[in-house]
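*Asks:* The residues making up each chain are set out below.
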Amino acid sequence: MKPAAFDYVRAESLDEALDVLAAEGADATILAGGQTLVPMLNMRMARPRVVLDIMRLPGLDRIDIAEGAIRVGATVRQRALERQADLGKHQPLLAAALPWIGHAQTRNRGTVCGSVANADPSAELPLVLVALRGEIELRSRRGARRAAANAFFTGIMSTERKDDELIEAVSFPTAHAGAGYAFREIGRRHGDFAIVACAAVVDTHKARLAIGGVADRPILRELPLPGSADLTDALDAFAADFDARDDLHATAAYRRALVRRLGLQTLLEAAACRA
Amino acid sequence: SAHWAPGTIDSDLGQTIRETVFWTPPELTAPNEADEINSSLCHGFIFDFCGVEVDRLSGAVRVDRYVTMHDCGRVLHPAMVAGQITGGFAQALGAALFEEYAYAPDGAFLSGTFADYLVPTSMEVPEPVILQRESPSPLTPLGTKGVGEGNCMSTPVCIANAIADAMSLTSLDLPATPTKLAALIHGRQNEPRVKS
Numbered sequence: 001m002k003p004a005a006f007d008y009v010r011a012e013s014l015d016e017a018l019d020v021l022a023a024e025g026a027d028a029t030i031l032a033g034g035q036t037l038v039p040m041l042n043m044r045m046a047r048p049r050v051v052l053d054i055m056r057l058p059g060l061d062r063i064d065i066a067e068g069a070i071r072v073g074a075t076v077r078q079r080a081l082e083r084q085a086d087l088g089k090h091q092p093l094l095a096a097a098l099p100w101i102g103h104a105q106t107r108n109r110g111t112v113c114g115s116v117a118n119a120d121p122s123a124e125l126p127l128v129l130v131a132l133r134g135e136i137e138l139r140s141r142r143g144a145r146r147a148a149a150n151a152f153f154t155g156i157m158s159t160e161r162k163d164d165e166l167i168e169a170v171s172f173p174t175a176h177a178g179a180g181y182a183f184r185e186i187g188r189r190h191g192d193f194a195i196v197a198c199a200a201v202v203d204t205h206k207a208r209l210a211i212g213g214v215a216d217r218p219i220l221r222e223l224p225l226p227g228s229a230d231l232t233d234a235l236d237a238f239a240a241d242f243d244a245r246d247d248l249h250a251t252a253a254y255r256r257a258l259v260r261r262l263g264l265q266t267l268l269e270a271a272a273c274r275a
Numbered sequence: 001s002a003h004w005a006p007g008t009i010d011s012d013l014g015q016t017i018r019e020t021v022f023w024t025p026p027e028l029t030a031p032n033e034a035d036e037i038n039s040s041l042c043h044g045f046i047f048d049f050c051g052v053e054v055d056r057l058s059g060a061v062r063v064d065r066y067v068t069m070h071d072c073g074r075v076l077h078p079a080m081v082a083g084q085i086t087g088g089f090a091q092a093l094g095a096a097l098f099e100e101y102a103y104a105p106d107g108a109f110l111s112g113t114f115a116d117y118l119v120p121t122s123m124e125v126p127e128p129v130i131l132q133r134e135s136p137s138p139l140t141p142l143g144t145k146g147v148g149e150g151n152c153m154s155t156p157v158c159i160a161n162a163i164a165d166a167m168s169l170t171s172l173d174l175p176a177t178p179t180k181l182a183a184l185i186h187g188r189q190n191e192p193r194v195k196s
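Order-wise, the sequence lines are chains A and B.
Throughout the first sequence, residue numbering follows my numbering, covering 1 to 275 in sequence.
Throughout the second sequence, residue numbering follows my numbering, covering 1 to 196 in sequence.
Okay, chain A solo, but in the shape it has when bound (with noise of 0.2 Å):
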């Protein structure tokens, strides 16, 4: 199929891009990647009157380590942080994630941004960001704001990123000292949706665990340690509070017997891997 028509814009300056948002707002839907947008274009899942893009905005291409966090700018791909020197020392538990995104020839043009402004319930990124606590940069005519990863997520394909906003920036905080961290999820082949995602960080007196791919937006939950006896109790409050559906590939309620199984070896795996 073919996308429905539309105007087609390529920013050349942030300046330019902010005036669109500003003027266009819900009408323009900012392409990045494309590796969401462009199928629900040619499906006419997406009709936007605008389709603004804003690989060529100068300066937004970078990743930046300092301060305890790495700062992944608006066009950078999935790929080159995966690629980023050092990546597993800084920040382990976007090493583990990263390869579960997709597939390597989609991650060559998908973008980080890209994928928490597109907030799919299963992506491994929104995930990340929310286990590690991170922030989102936004940025309009109105000024730049910060949003904590937490509150940004707001259910299916949904966040708090106002129409005339961009994400300029991502923050993952980097790894503290003593803590260990670790990814698992599980989809029915290589490169699909996560059915359910877990990413766990345990230091010396607090574990916390994320899921991903159950309810419509990633959970963080502070749980016992691992070795703690309250931990299994917890786990089954956990996975029960769930709003869990059925689908095709997995029932709501193998989804919430993944979160305790597949919930507690992610925590015992970030428990072994406390540096």
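Hints are computed from structural coordinates only; laboratory data are not their basis.
Hints are not guaranteed to be accurate.
Quick list of simulated restraints, FRET-style, between CB atoms [claimed, not checked]: (1) A/GLN265 x B/GLY83: 53 to 61 Å; (2) B/VAL157 x A/ALA177: 29 to 37 Å; (3) A/ASP163 x B/GLU149: 41 to 49 Å; (4) B/GLY51 x A/PRO99: 22 to 30 Å; (5) B/LEU142 x A/GLN265: 53 to 61 Å; (6) A/ASP233 x B/GLU149: 48 to 56 Å; (7) A/ASP163 x B/LEU110: 29 to 37 Å; (8) B/PRO126 x A/GLY25: 18 to 26 Å.
Which bits of chain A does chain B cover? Going by a derived footprint, with three or more residues having C-beta under 8 Å, they are [claimed, not checked]: (9) 180-189; (10) 244-251; (11) 255-267.
Ideal placement from N, C-alpha and C gives every residue a C-beta, glycine not left out.
Starting from the known structure of chain A, arrange chain B on it as the hints suggest.
*Replies:* For chain B alone, coordinates are given in the frame of chain A:
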């Protein structure tokens, strides 16, 4: 279209050499009184065995090694024979583990696109170990038999039997999906209490 039907070429043009031959093996006789016929002059043979692992946590199946032995009579082109067998094997693995015409209780068709009707990719299909045994057919001019369809029949059964052996099952409906197998492994009593 004259190349299909040389007989339609105008005789004034002068024809290329052509020859028409009919050959019927004597074993393929006319229908009997009960209107039965032998529809196949000869049959190829297959013997498959495989080992699988079922992940206790997720119910996912991994084929560790799949061995398929074929007797398709005299092999004329080994690479084509291997290609036929591998293709049949890949399709059949899809039938065993992934593909499903799924319907909702109200009859709505759930697997209407390849997003939901799962076909295995190269990452899901292991390389089968293909063995050959040539016993030429006495009934065909070259001793050849047929090859290609067989694994569609043998492979789903072989994989299902391996899973059943692993999990001590007496029956199993395909596709053997993780949800199905996990429910069999862990049972309903292990499910956490469901929020009402």
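*Asks:* Check each numbered hint from earlier against the structure, then list the numbers of those it violates in ascending order.
*Replies:* 1, 2, 3, 8
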